[in-house]
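K.L.:
Read off the chains here:
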Amino acid sequence: MEAASPVSGILVLAADPMLAGDIGLVEVGLTLAKAVVAFAFLLVAVMLMIWFERKLLGGMHQRFGPTIAGPFGILQTLADGTKLFFKEDLVPDRSDRFVFKLAPYLSLIPAFLAFAIIPLGGDFNNGGQVEWWGRATYLQVADPPIGILLFLAMSSVAVYGVMLAGWSSGSKYPLLGSVRASAQMVSYEAALGLAVASIVLVTGGLSTHDMVVAQAAEGYFGVVPRWNVIVTGLVPFIVFMIAGTAELNRPPFDLVEAEQELVGGFHTEYSSIRFALFFLAEFMNTITMSAIIVTLFFGGPAGPVLVGELGGVNIAWAWGVVWFFLKLFVLLFCFVWMRATLPRFRYDQLMDLGWKALIPVALGWFLFLTALEVGRERGWNEAAVTIVSLLVFAAAALLLVRAVRSGRRARDREAARSDEPSDPATERA
Amino acid sequence: MAEAVFVVSAVIILAGAVGVVASRNPVHAALFLVQTLVGVAVLFVLNDAHFLAAVQVVVYAGAIVILFLFVIMLLGVDKAEELRIEPIFGQRPLAAVVGVSLAAVLGTVVVTGADVLTGLRRAGGDRALDGDATDIERMGRVLFSEYAFAVEITAALLTVAVVGAVVLTRRASRSDGSTAAETAAQET
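Line order of the protein sequences matches chains A and B.
Numbering of the first sequence is given in my numbering, commencing with residue -12 and proceeding in unit increments.
Numbering of the second sequence is given in my numbering, commencing with residue 2 and proceeding in unit increments.
The shape of chain B in the complex, shown without the other chains:
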């Protein structure tokens, strides 16, 4: 039963991942991404990580991909992109190198059973979800004790990102009354 669920969701995930790369329409790519994310949520449920599964759907499918779609729709880039030009020089060879090394890392992990790279005998170690507490309780305890610093740093990072977004969209006024955009246009 567990194997069947794993195989089915793995096929869904992989098909979605291929679809993201292969589809020419950005909206279709985003939808394939949702397919992959939901498949991963099923795998979380399979591993008794119910809370992670819910968060996966709420945050990734429900918020992040929605924002992708928003940008795609508002900017109207819902046609196939021009693929001949490279925005960043050397992008494609670099992507090939990174892709191959990522595949190598993943392959190593699968082959060696994780302990070469991380030293862990199994994912989660002694904190695996087999006790009485639910996954949400355990996660809360670990996040706000052992990893409290990381949580706080992440919060600060997100705040900085929000401030940055506000600064970018705001039309800051200068003392002479012109906006930042106008000043920049004059300087160039």
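If we strip away everything but chain A, and leave its shape as in the complex, we get:
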């Protein structure tokens, strides 16, 4: 009844056609079912992902990885999880008990909520809607008007879990680890947001569903798909991939839990099921981040329908699910691959990369795409726009590099001039 009035806006999921009309039992049931299925999927995916990562890392390290539990060791995660469940739950004496217990959930819940906006399937050659029980709907838990901003909001809320876990432990190493982690996450969020802005620009909207619809359109030369990774010219993808890895605190950006320096990072004091929750959140975040990359840059579930009908049942939507999972799998493989290949960054290198390379590049590329867009609207010569923008960027890059260099020279001069060889206060660590 509420839906007819503007009050329906209180439902963040207003863009889904199912929720445009009256809200009855079927709509509520479908929404609940979608949420439960997505949650169950994430849990199973985490289990498989941990196994997959260990197995693949083992292969890349020329060893076997888990082999004992189940065929190919596939049940190893289940065994580990069960073990963690029955271990003693320790709460340090000097900890802030309530915050200590709250922190794992603050990590876990955003990881799941961000997954809600990802389109998981549907036939995007025909708009991506499916019809179940007479209701047209999308195969995603929610399609809020703020779309991809929900992902950014959730990734900024996730910082609290890490930060409070370290602080509330009442111990030095977790605190250092959490300060590192939150500094890193806050720094790379800016680059992440700028890369997302490029996608929003070419899509003309925030909704993840619209992004996939835009990418499902007719591609180039009939064979190359119209994925945003091509439309936006690769740079936002590279920036997003690097910033996303840093946001996840995965190697090579895992100095948050650098074992040699910090024992175990922000979760040193955690044990038992609370530690398992952090672990779960970490891998859930990896899967969510890969799914977001698939949605933003690789067309999400968009793809050809090979067999439209099977035994009289329309299964076109299932091909979307197949394509989505294939793409997701490739990206997850890349994340493990990077972990096995790249050595860990040093802290100052991490901050330099984030602030002096990724953010300027992402911002510059965003402005370039904007210039192209404006030029197209006004009918300017595209080649001229490109050349002028590139010249401006070359000049800006030169200025930035010179500024960084002169800053470094001045620091070095000062360090050489001062009595003590290096001042601990100026060292960023």
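Read the hints as simulated data drawn from the structure, not as lab findings.
Glycine included, each C-beta is placed from N, C-alpha and C at the ideal position.
Misleading hints may appear alongside valid ones.
Chain B regions said to be covered by chain A (calculated; three or more residues, Cβ under 8 Å) [stated by the list, open to error]: (1) 26 to 40; (2) 44 to 55; (3) 58 to 67; (4) 70 to 76.
We have chain A; now place chain B onto it with these hints.
P.N.:
Relative to chain A, chain B alone:
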């Protein structure tokens, strides 16, 4: 339904606000502030201002309070503060006066329905979000046409703040080789 959402989020906001003032631990106060901010975001959603709600969470909860926590953690002031001394003379009576007048202004607004103070019949006036355009489109159009000057001035202000922060943290070298801090120490 809308009333229920309003009441629940209002309770969350007020509880958070009281918690900020009442809790003795600065970290707890910051967490209560997050609670208030998220409650306000819910109210934005209730008024169809989805973009504002997202920005509220991203900017205030995600960046500003994180910075508060950073400072609290790095400076290690995570214990109860000494409350007997007043850093600024006459701080407390002044705070009472300002607080009472703020409450009076808010009370007036609530009682009179806003038109005494601002002349507006309702918040937003004829730009209320009931057209076809989404809130983000309308906001973008208004910000970069009618309020473009204010936006630019704010940008300049932020730049000045950044430059100021850099100058404060930098150890500027003088011609004789000593740092600014050393020079200041010699002068006093």
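K.L.:
Each hint should be assessed against the structure and marked as holding or not.
P.N.:
Comparing the hints with the structure gives:
no.: 1; hint: 26 to 40; in the structure: holds (count 5)
no.: 2; hint: 44 to 55; in the structure: holds (count 8)
no.: 3; hint: 58 to 67; in the structure: holds (count 6)
no.: 4; hint: 70 to 76; in the structure: holds (count 4)
Violated hints for the displayed structure: none, as all numbered hints are satisfied.
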